[in-house]
Amino acid sequence: MNKRFRIGFIGAGDMGGPMCAHLLRAEFPLIVCDRDPARLAPLLAAGATEGKDAPSLAAASDVILTSLPSSES
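In terms of numbering that gives the first Met the number 0, the sequence shown opens at residue 0 and continues consecutively.
Please note that the accuracy of each hint is not assured.
[As the list claims (entries may be wrong)] Calculated cross-link-like contacts (lysine to aspartate or glutamate; reagent style DMTMM-like; alpha-carbon spacing at most 20 Å):
no., residue 1, residue 2
1, 51, 35
2, 2, 13
3, 2, 61
[What the hints assert, rightly or not] Derived DEER-like restraints, expressed as beta-carbon distance ranges:
no., residue 1, residue 2, range
4, 51, 18, 29 to 35 Å
5, 36, 64, 31 to 37 Å
6, 2, 35, 30 to 36 Å
7, 20, 55, 20 to 26 Å
8, 2, 68, 28 to 34 Å
9, 3, 34, 24 to 30 Å
10, 43, 65, 17 to 23 Å
11, 58, 3, 15 to 21 Å
Rather than coming from a laboratory, the hints here were simulated on the basis of the structure.
In this text, all values refer to a predicted model and were calculated from it rather than measured experimentally.
Where a beta carbon is used, it is the ideal one built from N, C-alpha and C, also for glycine.
Turn these sequences into a full structure, and let the hints guide you.
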């Protein structure tokens with residue numbers, strides 16, 4: 000069985016955005032969340048699903064990745 004994990008990714012900025020794009024090209028189901036909705040637009044156009052918020056993203060994901068500017072964010 001070749002299951003593709005549903006990946007939740009929080010933080011689609013300068014570093015997280017390209018990481019998300021690579022996951023989409025590898026055909027992983029991807030749920031994305033960011034404080035700035037404009038950062039999600041290219042990922043959503045490429046096939047990602049928008050997570051309403053971090054808790055709902057986590058509930059819908061098998062694996063959660065983050066790329067955040069600091070621990071205070």
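Range hint 31 to 37 Å (beta carbons of residue 36 and residue 64) holds or violated
19 Å, violated
Range hint compliance [Cβ, residue 51 to residue 18, 29 to 35 Å]
At 21 Å between Cβs, range violated.
Run the distance test for residue 51 versus residue 35: straight-line Cα separation, threshold 20 Å.
Answer holds: residue 51 to residue 35 is near 12 Å, not above 20 Å.
Range first: 30 to 36 Å. Now tell me if the beta carbons of residue 2 and residue 35 are that far apart.
The hint (30 to 36 Å, Cβ to Cβ) holds, given that residue 2 and residue 35 are roughly 32 Å apart.
C-beta pair residue 3, residue 34: status relative to the range 24 to 30 Å that was hinted:
27 Å, holds
Does the hinted range 15 to 21 Å hold for residue 58 and residue 3 at CB?
For residue 3 against residue 58, whose Cβ atoms are near 18 Å apart, the range 15 to 21 Å holds.
Compare the distance between the alpha carbons of residue 2 and residue 13 with 20 Å, and conclude whether the hinted pair is satisfied.
29 Å, violated
Distance restraint hint 17 to 23 Å, applied to the beta-carbon atoms of residue 43 and residue 65
19 Å, holds
28 to 34 Å as the expected CB spacing between residue 68 and residue 2, which holds or is violated:
32 Å, holds
Decide if the proposed pair is consistent with the structure: residue 2 and residue 61, CA atoms, cutoff 20 Å inclusive.
Roughly 11 Å between the alpha carbons, so the hint for residue 2 and residue 61 holds.
Between residue 20 and residue 55, is the Cβ distance one that fits in 20 to 26 Å?
22 Å, holds
Checked against the numbered hints listed earlier, the structure breaks hints 2, 4 and 5; every other hint is satisfied.
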